[in-house]
Every structure is written in C-alpha cells, then in structure tokens.
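Novice: One letter stands for each residue in the lines below.
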Amino acid sequence: MSYTGSAPASSSLYWKGMESSGDPPILAGAQSAWDMLSDEQSQKHITTGSGDLNNILGGGIHCKEVTEIGGVPGVGKTQLGIQLAINVQIPVEYGGLGGKAVYIDTEGSFMVERVYQIAEGCISDILEHFPHSHEKSSSGQKQLQPEHFLADIFYFRICSYTEQTAAINYLEKFLGEHKDVRIVIIDSVTFHFRQDFDDMALRTRVLSGLSLKLMKIAKTYNLAVVLLNQVTTKFTEGSFQLTLALGDSWSHSCTNRLILYWNGNDRYAYLDKSPSLPVASAPYAVTGKGVRDAVSSNHKRVRVT
Amino acid sequence: MSATRGRSGGGATTSGCGLKRRNAPQDHEDSEVMNQDQPSTEDWCGRFWNGMELLKDVTEKKHFLPTGLEDIDTLLGGGLRQGQLTEITGPSSSGKTQVCLHSASNIAAKQMGLIMYLDTSNSFSPSRVATIIYGIADLIGQRGFELQPKDARLKSVMKSIICESVFDIFALFEVLHQLEVSLLNDKVNNGGSKVCLLIIDSISSLLAPIIGGKYPQGRSMMISVAVILKKLADDYNLSVLVTNHMVSAGNGAVKPALGESWKTVPHVRLMISRENNICTATVLKHTLLASGRTAKFVAPSQMFGGSSPRRP
Numbered sequence: 001m002s003y004t005g006s007a008p009a010s011s012s013l014y015w016k017g018m019e020s021s022g023d024p025p026i027l028a029g030a031q032s033a034w035d036m037l038s039d040e041q042s043q044k045h046i047t048t049g050s051g052d053l054n055n056i057l058g059g060g061i062h063c064k065e066v067t068e069i070g071g072v073p074g075v076g077k078t079q080l081g082i083q084l085a086i087n088v089q090i091p092v093e094y095g096g097l098g099g100k101a102v103y104i105d106t107e108g109s110f111m112v113e114r115v116y117q118i119a120e121g122c123i124s125d126i127l128e129h130f131p132h133s134h135e136k137s138s139s140g141q142k143q144l145q146p147e148h149f150l151a152d153i154f155y156f157r158i159c160s161y162t163e164q165t166a167a168i169n170y171l172e173k174f175l176g177e178h179k180d181v182r183i184v185i186i187d188s189v190t191f192h193f194r195q196d197f198d199d200m201a202l203r204t205r206v207l208s209g210l211s212l213k214l215m216k217i218a219k220t221y222n223l224a225v226v227l228l229n230q231v232t233t234k235f236t237e238g239s240f241q242l243t244l245a246l247g248d249s250w251s252h253s254c255t256n257r258l259i260l261y262w263n264g265n266d267r268y269a270y271l272d273k274s275p276s277l278p279v280a281s282a283p284y285a286v287t288g289k290g291v292r293d294a295v296s297s298n299h300k301r302v303r304v305t
Numbered sequence: 001m002s003a004t005r006g007r008s009g010g011g012a013t014t015s016g017c018g019l020k021r022r023n024a025p026q027d028h029e030d031s032e033v034m035n036q037d038q039p040s041t042e043d044w045c046g047r048f049w050n051g052m053e054l055l056k057d058v059t060e061k062k063h064f065l066p067t068g069l070e071d072i073d074t075l076l077g078g079g080l081r082q083g084q085l086t087e088i089t090g091p092s093s094s095g096k097t098q099v100c101l102h103s104a105s106n107i108a109a110k111q112m113g114l115i116m117y118l119d120t121s122n123s124f125s126p127s128r129v130a131t132i133i134y135g136i137a138d139l140i141g142q143r144g145f146e147l148q149p150k151d152a153r154l155k156s157v158m159k160s161i162i163c164e165s166v167f168d169i170f171a172l173f174e175v176l177h178q179l180e181v182s183l184l185n186d187k188v189n190n191g192g193s194k195v196c197l198l199i200i201d202s203i204s205s206l207l208a209p210i211i212g213g214k215y216p217q218g219r220s221m222m223i224s225v226a227v228i229l230k231k232l233a234d235d236y237n238l239s240v241l242v243t244n245h246m247v248s249a250g251n252g253a254v255k256p257a258l259g260e261s262w263k264t265v266p267h268v269r270l271m272i273s274r275e276n277n278i279c280t281a282t283v284l285k286h287t288l289l290a291s292g293r294t295a296k297f298v299a300p301s302q303m304f305g306g307s308s309p310r311r312p
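Sequence lines, in order, name chains A and B. Take the first sequence: its position 32, counted from the start at 1, is 32 in the UniProt record's numbering, and no numbers get skipped. Take the second sequence: its position 235, counted from the start at 1, is 235 in the UniProt record's numbering, and no numbers get skipped.
Calculated from the structure, these hints are not laboratory results. Some hints here could point you the wrong way.
Derived list of chain B stretches under chain A, where covered just means 3 residues or more per stretch with a C-beta under 8 angstroms from a C-beta of chain A [what the hints assert, rightly or not]: (1) 84-95; (2) 112-124; (3) 241-251.
Derived pair list, reagent style DSBU-like, types lysine-lysine, alpha-carbon separation capped at 30 angstroms [unchecked claim]: (4) K234/A to K255/B; (5) K44/A to K219/A; (6) K230/B to K219/A.
Beta carbons are placed, not taken as given, at the ideal position from N, Cα and C, and that holds for glycine.
All chains, please: the whole structure from these sequences, using the hints.
Specialist: Below is the structure:
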C-alpha cells in the first residue's frame with residue numbers, strides 16, 4: 001500500500017520477484033491456480049453429520065467459502081446450523097477440524113438444551129467409530145465432554161439490523177483474536193432485513209456490503225461462513241413460487257447454495273449453486289442426536305429427477 | 001483509511017497515463033527528464049494512426065481467445081477479443097463463473113499466455129479448473145506436451161492462471177494499478193506482455209455496495225474502473241472478461257445490473273440463462289456481429305461427468 005506508482009518503486013518490485021523465483025510476479029501476493037489446488041487438496045471439510053449430504057457437498061461444508069442454506073420453516077435449517085457448530089469441534093485425531101464456532105443468532109432459535117443433546121449425540125458417534133480410543137490416554141478423552149463443546153461456541157444474540165451490521169464489522173477483529181474459529185454461522189441473515197426498510201435500494205447496498213465482508217472473512221481466516229436464509233414467495237409468470245428471501249442481488253452473494261425442502265414426509269437437500277460441484281440432491285433426517293442420514297437411503301447417493 | 005486508499009487508486013490512473021504513451025516507450029526516459037518542467041502537448045496526445053496501421057495492429061495483436069465452449073465462441077465470432085471488454089451477465093447460478101473458469105482453463109491449456117483471475121466471491125475453484133483442463137482433449141496435441149507426465153503438464157498449465165481475491169473497490173484499484181505497472185515493465189524489458197486475459201468475477205458485487213443513493217461518488221468510481229479496464233485492454237492487448245449480475249426490472253423480469261451508464265462500457269455483452277440443464281446465451285451487444293442472436297448449449301456443469309437432476 002506504500003508504493004507511490006512511480007517507475008522506480010515498481011522496478012524494485014519487479015527485481016525482487018526476479019531474485020526469488022526467477023520469474024517476476026505479475027501481482028505480488030497473488031497465487032497461481034496450481035498452488036491453490038494443493039492448498040485446496042489439503043483442506044478438511046466440516047461434516048454435516050449425514051454422509052449423503054456430505055457427498056453432494058463434496059465432503060462437507062468447505063472452508064474459505066460462503067455457503068447459504070435456505071428452506072421453509074421447520075425443515076431443519078437451525079438444526080443443521082447447530083450441528084455444524086458442534087461438528088467443527090470434532091478433534092483432529094478423530095478426523096475433524098478441532099476448531100471453534102461463532103454463532104450469530106438473530107431469531108432467538110438457538111436452544112442450548114438442544115445443543116447439549118446434539119453434542120452428546122456427536123460424542124457417542126465418535127466413540128462408536130473409534131472404539132479403541134476408550135482405552136487410550138485420558139488427554140483425548142478429556143475433550144470429549146458436551147461441556148467442552150458448548151464452551152467453544154461463541155454466541156451473539158442480535159436484535160436489529162444495525163446490531164447485525166455492527167457484529168459482522170466487529171467479527172474481523174474478533175477473529176483476529178480467536179484464530180481457532182473455523183466456522184461462522186448466521187441464523188438467519190434475513191430476519192431483520194425483512195422489516196424496517198423503506199428504501200429497498202439501500203437494503204441492497206447494505207446487504208451486498210455485508211456479503212463482501214463475509215467473503216473476505218472466509219478467505220482471510222480460512223473458515224467457513226454459513227448463512228441461513230428464509231424463503232419468500234415470488235410472483236412470476238402468473239403464479240407464486242417459493243424462492244429464497246432478500247431478492248435477486250443477494251442470490252449472487254454466496255459461493256454455494258443448499259436448499260432444504262420436504263419431499264412428502266422426507267427431508268431433502270438440494271445443492272443449487274456451486275462453482276465446483278454439479279447440482280444434486282440427497283435425503284437427510286433430523287434425529288434426536290442431530291442431523292443424520294435418512295434411514296431408507298441405504299447410504300447411497302439418491303438423486304431426484 | 002479509505003480516503004488514502006482511494007487517493008492511491010486515483011494516483012494509479014494519472015501516473016499510468018504519464019508513464020506510457022503508446023507511440024514511444026523507447027524515448028520515455030528522455031522525455032521524463034527533459035520535459036519535467038514543461039510537458040508538451042504532443043507528449044500527452046499520442047500520435048494518430050491511419051487505417052492500414054490499425055488494421056495491421058488488429059490482425060497482429062488483437063486475437064480472439066477461444067473460451068473452449070464452441071457455441072459461445074461461435075456467438076462471439078471466435079471468442080474473447082484482445083483489446084476488448086466482454087461482459088457476461090445472468091441470474092444466479094446460470095453458469096457465469098463456469099464460463100470464466102472454462103475460458104481461463106482453455107486459454108491456459110492452449111498456452112496463449114498468462115491469465116489474471118480476480119475473484120470477489122471465493123468461487124475460483126482450482127479443482128474445477130483441473131477437471132476442465134483434463135477434459136480439454138487437444139491438450140495432448142501441444143508441442144512437447146506429450147513428453148511430460150500428466151501431472152507436470154497440469155502443473156505447467158495451472159501455473160499460468162494467477163488468482164487474487166478482491167473484496168472491495170479500493171483493493172481493485174490497487175490490484176489494477178499493480179498489474180499495470182508490471183505489464184509496463186514487461187513491455188519495456190521483454191518487448192511484450194505475457195498476460196493475455198484479465199477476468200473479474202464478479203465486478204458487480206464490488207460495485208453494488210457503492211452505487212445508488214444520493215451520492216454520485218460510487219458512480220464515478222464505477223466509471224474509473226471502466227476507464228482503467230479499457231485502457232489496460234487497449235494498451236497491453238488484454239482481453240478483459242467481467243461478470244455482472246441481474247436485478248429485477250419489475251413485472252418479474254430481470255435486467256443486467258449497474259444501470260445505464262455501465263451499459264456503454266463493455267464492447268460485447270453476453271447474457272446467459274439456465275433452464276434445467278440447458279443454457280441459453282444471448283448476444284446483447286457486439287462490436288462486429290449482429291446482436292440478439294442466441295445459442296443453446298448444455299450447461300457447463302454437465303461436464304462434471306454425471307447427469308444433473310432437475311430442480312425440485
């Protein structure tokens with residue numbers, strides 16, 4: 001940021017590059033696609049709890065990306081949000097990320113008893129998968145307490161869109177101090193933005209500013225941002241259709257979009273947008289332990305046509 | 001903070017103008033010294049070109065860079081033209097990013113030059129790029145390429161795509177300035193630039209937070225971006241590809257975002273829409289060919305290797 005734009009400053013930039021790599025960098029700080037590929041391949045993903053869901057997401061929720069999850073009320077958005085806040089904490093030795101979670105609650109739907117229950121469910125599943133770790137040293141065992149999982153969720157309760165904007169602006173500082181946070185969940189990004197706005201153009205500007213901030217946070221701190229969104233009806237071509245809230249401009253502001261919907265009595269997830277994966281859908285279930293595979297699915301990838 | 005960064009962005013344009021007049025990169029040092037006190041009008045004006053010189057310049061330097069998606073290449077008269085700004089617009093998840101990734105991969109695989117990819121929405125997917133590169137059949141036909149193992153080949157291709165994340169307009173000004181400086185260095189030292197394509201996916205998400213409302217600054221920054229991009233395209237034979245989103249135009253219809261004053265900026269405007277697996281591309285504006293032509297093609301996401309389901 002200190003360069004002046006004069007020729008001497010730029011030529012020093014050029015020569016620095018020549019010395020280090022033998023090839024001058026076109027842009028200091030930029031990465032080649034090759035380097036990014038190896039970075040990406042070493043990345044772990046945050047499991048959703050359901051194998052089928054992980055499959056369509058390419059292994060789970062990706063870090064450095066913003067994922068939007070939308071659906072009708074009661075389909076399980078908050079459940080999935082809580083599940084992710086728990087799953088991100090699965091210790092590295094059990095195949096997880098061992099990170100912490102930030103949960104920004106705008107609707108007041110974060111039920112801490114339920115979180116405790118999901119944490120217990122998560123721990124019992126870990127112990128089922130790693131039966132031998134029972135006898136292992138107590139140091140690993142120490143972490144596997146629901147209390148520890150709860151303690152590593154940073155919870156913000158937001159009551160207006162001003163607070164929400166402020167919280168997102170503050171996140172950058174907060175995350176700088178808490179480098180072990182690997183997921184930021186906003187449940188829901190919509191709630192306060194559906195009211196109190198007379199000037200819709202202003203709403204669009206505020207929201208697109210927020211989305212760029214979240215993109216920046218995701219990339220800078222190598223964490224996953226998950227935005228939960230509500231649905232709304234849209235009048236097109238003579239009929240009402242369900243779409244995600246916040247309008248056409250907002251729909252561009254996520255990297256991935258997952259839509260949760262009911263198919264008869266079964267819950268399904270549909271990957272609607274992704275730069276690297278095909279559109280696909282998979283069933284899932286919400287059980288007492290949290291989000292899991294639908295029992296009937298037989299651990300196979302199911303596509304709805 | 002933003003004020004200083006804004007000024008450095010503005011400085012980019014002015015100093016850039018002073019640094020490189022198109023006609024005389026060789027006497028740039030002399031004139032810098034001699035005319036420091038009295039810059040003469042001719043220095044800034046540049047020289048005129050006659051039609052034949054222009055034609056020669058166009059045929060030698062302004063090539064079409066093929067996107068690798070045949071239908072789009074046909075629509076565009078061969079691909080993304082160097083020296084021009086091409087815009088792709090379309091609703092969310094219509095395939096804009098896929099066209100960008102595909103163009104980058106194809107042009108890298110054909111070894112036509114370096115690709116500068118500016119990403120604003122964390123949607124540059126290296127694994128997707130690798131998949132596309134593997135899928136480009138005539139890669140094997142490249143000179144010397146068949147001698148290398150598959151991974152080394154992939155590596156050399158992927159090394160020529162350079163990606164940078166940009167999350168606000170001031171960062172964009174800064175990156176473009178830095179790019180201009182290194183392009184100028186290349187031009188002076190190596191007689192030509194290696195970068196042939198600049199992709200910004202998406203430019204509208206950078207501009208959306210600042211345009212509109214009571215104040216005109218946002219709009220003027222938008223036009224500054226347009227000026228810089230067109231200048232880079234023209235001076236260094238870059239092809240510039242940007243994506244734009246769509247906004248509601250009332251009555252359930254949609255239109256490209258960024259309004260009337262941006263409308264004049266791109267040389268070529270292509271609109272993409274997707275219905276299930278079928279993409280439709282429509283030329284909204286073109287400098288050489290008739291607009292309004294459409295082509296239907298299979299969504300790039302189809303090339304992931306499986307059949308995609310319909311929307312529920």
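Novice: Which numbered hints does this structure break?
Specialist: Of the numbered hints, all hold.
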